[in-house]
Every structure is written in structure tokens, then in C-alpha cells.
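Heads up: the sequence lines are chains V and D, in that order. If you read the first sequence in this note's numbering, its first letter stands for residue 1, the second for the next number, and so on. If you read the second sequence in this note's numbering, its first letter stands for residue 1001, the second for the next number, and so on.
What the hints contain is simulated information worked out from the structure, not anything from laboratory work. Since the structure is predicted, the reported quantities are computational estimates derived from the model, not experimental observations. Warning: the hint list may mix true and false statements.
Over 10 Å on every C-beta distance to chain D, these chain V residues come out as not near it, computed from the model [said to hold, decoys possible]:
1) I76
2) E78
3) R102
4) P106
5) G133
6) S166
7) D185
8) L190
9) S199
10) R221
11) R222
12) D225
13) H253
14) G269
15) D274
16) K295
Computed cross-link-like contacts, DSS-like style, restricted to lysine-lysine with a CA-CA straight-line distance of at most 27 Å [claimed, not checked]:
17) V:K80 - D:K1503
18) D:K1503 - D:K1197
19) D:K1503 - V:K79
20) D:K1204 - D:K1503
21) V:K198 - V:K80
Incomplete in silico selection of chain D near chain V, CB under 10 Å [stated by the list, open to error]:
22) F1016
23) R1020
24) V1093
25) P1096
26) V1427
27) I1428
28) P1469
We put the beta carbon where it would ideally sit given N, CA and C, even for glycine.
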Amino acid sequence: MLFDGKPPAGADISASDHDLPNNASQDEHDKVAPIYVESANTSDVPDLEPYLSSIAKEESQDISLMPRRSLPTVEIDEKKMGAYGLRAQGSDIEAIERQFRRIKRPIINSAFGQHSGDTRNSNIVMVVSPLAGSGKTFCSFNLAMSIARERDIGVLMVDADVLRPSLSRGLGAEKCVGLVDYLHDDSIHLENIVLSNKSHNLLVIPAGKPNAEATELLASRRMRDFVAVIASQYSDCAIIFDTPPLLATNEAHVLAQHAGQLVFVIEAGVTSHDCVHQAVSLLDDRKPINAILNKTPNLLYGETYHDRYRYEYEPPDEET
Amino acid sequence: MNQPTRAEQFVRNLIFDIERYARGMWRFRWRAVVAIWIVGVLGLVWVYSLPSTYRASARVYVDTENAIRPLLQGIAAPADVMSEVTVVTREMVSRPNLADVARNTGLQHRAKTQDEFEQLLVSLGNRIGVSGTRENIYSISYADIDRQMAVSVVDSLVTTFVQKSLGGSKTESNQAQQFLREQIAEYERRLTDAENKLADFKRKNVAVMPGKGGDYFSRLQAARTELSATEAMLKVANERRQELNRQIEGEEPTFGIMSANSESPTPARDSSSPKIRELEAQLEDLRLRYTDKHPRIGQLIETIETLKKQQQDQQNLVHADDQNSPPRLPAYQQLDLNPVYQNMRILLTNTEVEIASLRTQRAQQRAAIDELQRLVDTVPQVEAELVRLNRDYEVVKANHDQMLRQLESALIGEDAVASIDDIQFRVIDPPFASTKPVGPQRKLLVIGTLFVALGVGIALMLLSNIVDPVFFSGRSVTAVTGLPVLGTVSRSMTPEQIDSSRKQRFGVALALSTFIFTVSAIAAYADDLAAVIRQLVELTIL
Chain V
1 MLFDGKPPAG ADISASDHDL PNNASQDEHD KVAPIYVESA NTSDVPDLEP YLSSIAKEES
61 QDISLMPRRS LPTVEIDEKK MGAYGLRAQG SDIEAIERQF RRIKRPIINS AFGQHSGDTR
121 NSNIVMVVSP LAGSGKTFCS FNLAMSIARE RDIGVLMVDA DVLRPSLSRG LGAEKCVGLV
181 DYLHDDSIHL ENIVLSNKSH NLLVIPAGKP NAEATELLAS RRMRDFVAVI ASQYSDCAII
241 FDTPPLLATN EAHVLAQHAG QLVFVIEAGV TSHDCVHQAV SLLDDRKPIN AILNKTPNLL
301 YGETYHDRYR YEYEPPDEET
Chain D
1001 MNQPTRAEQF VRNLIFDIER YARGMWRFRW RAVVAIWIVG VLGLVWVYSL PSTYRASARV
1061 YVDTENAIRP LLQGIAAPAD VMSEVTVVTR EMVSRPNLAD VARNTGLQHR AKTQDEFEQL
1121 LVSLGNRIGV SGTRENIYSI SYADIDRQMA VSVVDSLVTT FVQKSLGGSK TESNQAQQFL
1181 REQIAEYERR LTDAENKLAD FKRKNVAVMP GKGGDYFSRL QAARTELSAT EAMLKVANER
1241 RQELNRQIEG EEPTFGIMSA NSESPTPARD SSSPKIRELE AQLEDLRLRY TDKHPRIGQL
1301 IETIETLKKQ QQDQQNLVHA DDQNSPPRLP AYQQLDLNPV YQNMRILLTN TEVEIASLRT
1361 QRAQQRAAID ELQRLVDTVP QVEAELVRLN RDYEVVKANH DQMLRQLESA LIGEDAVASI
1421 DDIQFRVIDP PFASTKPVGP QRKLLVIGTL FVALGVGIAL MLLSNIVDPV FFSGRSVTAV
1481 TGLPVLGTVS RSMTPEQIDS SRKQRFGVAL ALSTFIFTVS AIAAYADDLA AVIRQLVELT
1541 IL
């Protein structure tokens, strides 16, 4: 089990935090594979949103459990996601889920597979695109959700699209402390900015408060160190970054240098060949770059043959 | 499932490519719509700005037998109607004719420079239509933007045609006659020249002109024969004289008188003395040529008889004298009293006269022969020259006569033509142009504008797509960028987006269909609309 609650280095850990639950609760935890990061000083965390769930409450019901600090959580409201354009609509959901199921496989292989050791930070997956509105956030979120269903892999999503943090907004975490704050203020620690979603096996680092220098911060050394830290600390997670558009900002490609692999999102029917070439030229071509063609319309003879072959779980009919 | 065949694959790929292109082009739909509308409006404005052309036409009846035939002489066989039409047409659109028409109708004012005038004539020629509908009926038409002008032009053409077809033959025959007259005058001059030359020549060479004696050589021969005859006679006369002299001077005592005392005793005479023999020979000679009735022959016969008698008498005397007479004076001394001797002396004189005349004659004849011989070179030449002059004269005369005949026949012919003038030409339909224009074909042009506008729109979309292409398949992504494609994610539209897209499509369809409908309506009522527009324009401007 990858996530067995090892405390991160450098974090203050109170004694009570060592009291891990007993086997029974361990099993429980194992089932849901929760992730706990000890937070040393909750009072340091400003502006906690009332999206705190009641996991602590639940735990307190179990007498055998020692009370322990838990991460602030975040909820994933499907409807809200949909409204923010981060989730598919209606009947498309199934198709899109299928597509992402297909897409994630090579990413996972690169991140954790046989040759993943060849690449530095192989689990750092940055989702990039030349222009805004290509569906970067959509892809990164859905990719994250798809990977999160893997039994053996966790997901950490980082919203680095600091100027338009639609991911954070979709999760309702736009006012939470996030990446920008962390980069800006040395006193903020990693554990302060991570949010969790147990039900989907997901960790989230929101973008944080908007800042005039936000994009410059992305190019800073602290960012580089941050990436290195999370890469090692969450080495069993797929860390998915939502980034600013490559051609819109000057710093985006600097950020991309820290990636282990890049996922290039192209909007079908909109992103021109030229844009793609330009954006790709900004990237380091030694890194593995793979493309996703997003927002493809239903073509007559498109590459959706595989859609005809559905091989899925179908719940059995109710027998009365 | 079977693998698709190559044909199926090809078709699928094709459809796929077309679809991708269509979707790519769809991005530029609005700019295409704008372009279509702009081009359409401009095109329509242009179509309606074209001036209407009107056609004027007239029909004429032409008796080609008499009107066209003279024009055709030497050009085509008579019974060819098509060539007659061609001739008429060619006549009509010949440059001088067109220039006349342009001047008569005032069409020339449309051109300001010489070059423009030339072009005007050329276009005029191109727009004039001449057709032969039925036998001898021709239709002349012309189209112009100015209706009045069209009518004027056709009118002018008809008039010119009339003049040309009738007057044409006349002037032509006049010209021919003029020509003939000139030629005749020329030939008359030549004829006179030839006659003069001939006369001069004859005068100059009168001597050697062939006379009654035949040509040169027979004349020479005759002269020579005469000469030899003359010489023969001369010779005979000379001998006679010699003989006579001898007898007279006593060299031959033919009388017998000098027989006794003479130094030259002569023996007794024979019965016929040589003299008599000579005379008899002469007589025979003369008898060859003349009859006995000839005075000379008569004379000779007398002479011979006299001599014979005398001889006889002398012989008798001699015999007698020899016997009994004393020596006397030689006989010859008594000769003066001898009648024979006197006769002899007469004869001698005659002979000498004869000789003289013969000599003269001979001299003359020799001279004549010399003359003839001298003219050996020139006489044949002269005769040849004469022949030539005669021939020339004959030729000139013959030509002259022929032309006179031609002139006469032309004059006769002209009279014949003039007499049937009035039934040669008739105007069946006078020049008229309908107020309804014949051109331009606005309906077609409007429909054409429609297609052109749509074409421009489509071209614009196509070009824009080519210039600014996008991706519709993972294959193209890899092909263009070289990036491997993890997969494609379908577009998932919110209801609002779906709605908006639908509205967009509807909007484009509406814009296009409005355009097509408007243009079609305009096409349908193209000409009426043109008239209305024209009136409106005139009202507003004037």
C-alpha cells in the first residue's frame, strides 16, 4: 500500500498524530485509502472554508480511534463541475469517461512503469495548451478523476493556472490558500495548501489568491523546489498540473520545464497548426510530450471505431 | 468484421477529408456570407447598369438577277444564291460603305480620334447582320443601345444598298464604256500610224515594190534573159555590119566587078555568095521570132532577092566584061552608081542604127540588172518589212473593230438595264426597332451573379481554411506536429452551447437563403426591373 500515512519530512508532528488507528480502522482506511497529512498548526491556516467535512466527527465516533488532524477537504459537486465546464454533459459522460480511460494508460505507464526511472519527476504530469479555452482544465480534471479510480495510484491535482483558476473555482476552493500563497509566502507550508477528497481519492492544491506577480512566481526557484518536494513526497501519486496557456504568458513554459511529462491539449477545429507549432517550440523536446485532441465533433468516419465496441460493466437486471 | 476493401477505404478517407474541410471552412461562415452579399449586390448593380440594346431591322426584295449579276461578273457563277448574299454582305460592310453610313447617321460623333473611328467602323461592321431569308429577300439588321440610331443605321444601309445595287452596275458599265472609248481612241491613233508607216514605206521603196513582173527573182531572171537576147541581137547586128563593111570596102567582091583588074582577083562567084548566105541566116533567125509580116523580114527577103538577082546579073556582067572590055576603073569606083551598093549602104546604116539602139538597150538592161542585183539584200528585207507592216496594220485594225463592237454591245446592254430599273428593288419592311430591348440577357446575368457570389463565398472559406488550418483528427495532429496522440476527447456541449450552435446554423442558412431568394426574384423580373430602375434614375438625375 502506497499510502500508509508516512509523515512528510519537515512537518511538525504532534504526538497524537503518531497514534495511528488500530488494525480495524486501518482496514477501514485501507478501503477508502485516505491520505492524511499531519498539519502542525491549524491555526496558521487562514480562512478555512466551511467546506470542512465531518470526517473528524466520524472518527470520533470510533472510540478506538485517537483524534487526529485531518486535511481540509473539498467536495466534488458534479453539477457544479458541469456548470463550470469541467464535466461532460449528459449522455456524453460515458463516452468521455471511456476516452479518458484510454488516454490515461500511457501516462500512467510513463509515470510509474518500467522506464519511469529514466525520467526525472516522471509522475509530474503537466497539462498544457497554446491558448486559453482549449479545455486544459477539463482534460486535467477528468484525467485526474480517471486516474484516481486506479487502485494503486493516487492523484494530486495542482491548479497552476493562477490567472484563471477555473479548477479551483469548480471545486469551490478559489478562496482557499493555494499555490500562489505558498510561492509568495515562505511561511506557508506544503501541508497548508493541500485539500483532499476522500471519496474520489483525490488531493488538490488550489491556485490560491490572485496576485499580480502570480505568473512570475511560477517561474521562481521556490516553484522548482516545490515541484521537487511534491514529486518525492507523493511519489506514488500522479501529480497533475493545470497550467496557464503557453502562448498567453511568458512563464508558462518555464513551469513546463519542471514537468516529467507533458500533455498537450489541442482544441479540434480551433487551435491552428501554427499555434501548435509555436507552443511546441517553447517546450523542451527532450521531455515526453503527448497530445490530446479535445472537443472533437462527431465525425462521420472519425476515429471512434472503438466507441462501437463497448465492453463495460452492466449492472444486472433487478430480479423481483 | 472484415477489413474494409481499398475502395471502401478510399471512399471513407475521401468523405473524411471532405468533412474535415467542410468543418474547417465553417469557421469562416460569416465572412463568407458578407462576401456573398457584397459580391451579389455589386454584381446586380453592374447588371442593371448595362444599357439595353435595341435591334432595328428591315426587309428588302432585291432582284438579284439584274442588280447583283453585274457585280458578280468574274467573281462567281451566276446561279449561286449564297454567294450573292455574301457579296451583298461584303459590299455592305466594306469600309467605304460603313464610313458613309457612319457619316450619314451621325454615328461618327461617337468617335473622337481617327483610331476610335476605325474601331467604330469595325464594331459597326460586326454588328450589322445581313441574311437572305428566301429567294431574293434580304433582311438587314443592326443593334445599338440607342434605338433611334439603330433605326437610322438600318435606314442608311438600305438606302446605300439600293444605290449600290442599282447604281453600282450602272457606274460599273459606265466605267467599262469609258474604258472602251479610251481604248478605241488609242487604237485609232495606232491605226493611223500604221497606215502612215505603210504609205511611207511604199513610197520609199516604190522601186522595189512587187509590180506586174512578179517578185524580185523572176524579174531578175527576165531581165537577164532579155539581156542575153539583146546581146544576141547585137552580135548578129555587129556581124552583119562587118559583113556589109567588108562587102562595101571591097574585101569581098560579092558583085564580081573587080575580077579582071583588081589586085585581088577573085574567082568566079558561086551561086550563093556568103553575103547572101549570111542574110539568109539572118532571115532564118528572124523568122524564129517574127512572122514574115514583120517589116524587117520583108526587107531582108527583098534584099536577099535583090542581091541574088544582082549577083546573077553581075556574074553575067563579069563574064561579059572579062571577054571584051578594056581595063576600066575598078569596080568599086563605080560603086556609087550601083543600086546594090546603095542598098548595101542603106542596110549598113540601118544596121549601125540598130547596133546603136541595141547597145543602148543592152546598156540599159545591164544597168537594170545591176540595179536589181544591187538590191539583192534590200529587196527581201523590204518585202518582209512590208509584210510585217501589213500584218501590224491588220492587227490594229482588227482590235479596233472589235472594240467598236464591244462598245456598241455595252451601250445596247445599258439601255436594256435602264429600262427595267423600277422592278429591281422593293422595301418590304421598312427599318423598325422594337421598344423592347434585345439585350443584354439580364436574367442570365443575374443568375450568373448569383453563382459567382456563392462561388466567391465558398472560395473565400476554402482559402481561409487552407491558410489557417486546424485539426480534426489525431492522425493529422501527429502528421503535422509529430506529437503522439494519446486520444481524442469528444466535444460535450452545454445546452446553451448546443442552442447557440443551432442558432448560428440557422442564421447562416437564413442569410444565404435570403440572398438566393432575392437574387432569383430579381432575375425573374429582370427586364421589367431594368425599365423601372431606368425611369427612377432618369427622374432623380434629370
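A quick look at each hint next to the structure:
1. At roughly 17 Å from the closest C-beta of chain D, the C-beta of V:I76 stays outside 10 Å, upholding its exclusion from the interface.
2. For V:E78, the condition that its CB be more than 10 Å from all CB atoms of chain D holds, with the nearest at approximately 13 Å.
3. At the 10 Å boundary, the C-beta of V:R102 falls inside the reach of chain D, the nearest C-beta of that chain being 5 Å off.
4. A beta-carbon of chain D comes within 10 Å of the beta-carbon of V:P106; the shortest separation is about 6 Å.
5. With a cut of 10 Å on Cβ distances, V:G133 stays outside the contact zone with chain D, its closest approach being about 12 Å.
6. No Cβ of chain D approaches the Cβ of V:S166 within 10 Å, the least distance being about 14 Å, so the stated non-interface status holds.
7. Distance to chain D confirms V:D185 as a non-interface residue, since its nearest Cβ pair spans about 37 Å, more than 10 Å.
8. Every CB of chain D is more than 10 Å from the CB of V:L190 (nearest about 29 Å), matching its label as outside the interface.
9. Non-interface call for V:S199 relative to chain D: holds, since the shortest CB-CB distance, roughly 23 Å, exceeds 10 Å.
10. Here V:R221 stays apart from chain D, with its beta-carbon at least about 29 Å from theirs, past the 10 Å limit.
11. Consistency note on V:R222: stated as away from chain D, and its beta-carbon is indeed over 10 Å from all of that chain's, at 30 Å minimum.
12. Look at V:D225: its CB is around 29 Å from the nearest CB on chain D, clear of 10 Å, so calling it non-interface holds up.
13. Separation of V:H253 from chain D is adequate, the least Cβ-Cβ distance of about 16 Å exceeding the 10 Å criterion.
14. With a closest Cβ-Cβ approach of about 5 Å to chain D, V:G269 is found to fall inside the 10 Å limit, against its non-interface label.
15. Listed as a non-interface residue, V:D274 fails to keep its Cβ farther than 10 Å from every Cβ of chain D; the least gap is roughly 7 Å.
16. The Cβ of V:K295 does not lie farther than 10 Å from every Cβ of chain D; its closest approach is about 4 Å, which violates its non-interface assignment.
17. Proximity of V:K80 to D:K1503 is assessed by CA-CA distance (about 26 Å); at most 27 Å being required, the pair is judged to hold.
18. Distance hint between D:K1503 and D:K1197 is unfulfilled; the C-alpha atoms sit about 116 Å from each other, more than 27 Å.
19. A threshold of 27 Å between alpha carbons decides the hint, and for D:K1503 with V:K79 the separation of about 25 Å falls inside it, so the pair holds.
20. Proposed proximity of D:K1204 and D:K1503 is contradicted: the alpha carbons are some 125 Å apart, above 27 Å.
21. Simply put, V:K198 and V:K80 have alpha-carbon atoms about 18 Å apart, close enough for the 27 Å limit, and the pair holds.
22. Hint status for D:F1016 relative to chain V: holds, with the closest Cβ pair at about 5 Å, below 10 Å.
23. Annotation: interface hint on D:R1020 holds; nearest CB of chain V at approximately 7 Å, less than 10 Å.
24. Interface hint at D:V1093: violated, since its Cβ lies 62 Å from the closest Cβ of chain V, which is beyond the 10 Å cut-off.
25. With 10 Å as the threshold, the beta carbon of D:P1096 stays out of range of chain V, its nearest partner Cβ sitting at about 69 Å, so the hint is violated.
26. A hinted interface residue such as D:V1427 counts as satisfied when its beta carbon comes closer than 10 Å to some beta carbon of chain V; here the least separation is about 72 Å, so the hint is violated.
27. Proximity of D:I1428 to chain V is violated relative to the hint, the smallest CB-CB distance being about 69 Å (cut-off 10 Å).
28. The interface hint given for D:P1469 is met, as the beta carbon of that residue sits about 5 Å from the closest beta carbon of chain V, less than 10 Å.
Checked against the numbered hints listed earlier, the structure breaks hints 3, 4, 14, 15, 16, 18, 20, 24, 25, 26 and 27; every other hint is satisfied.
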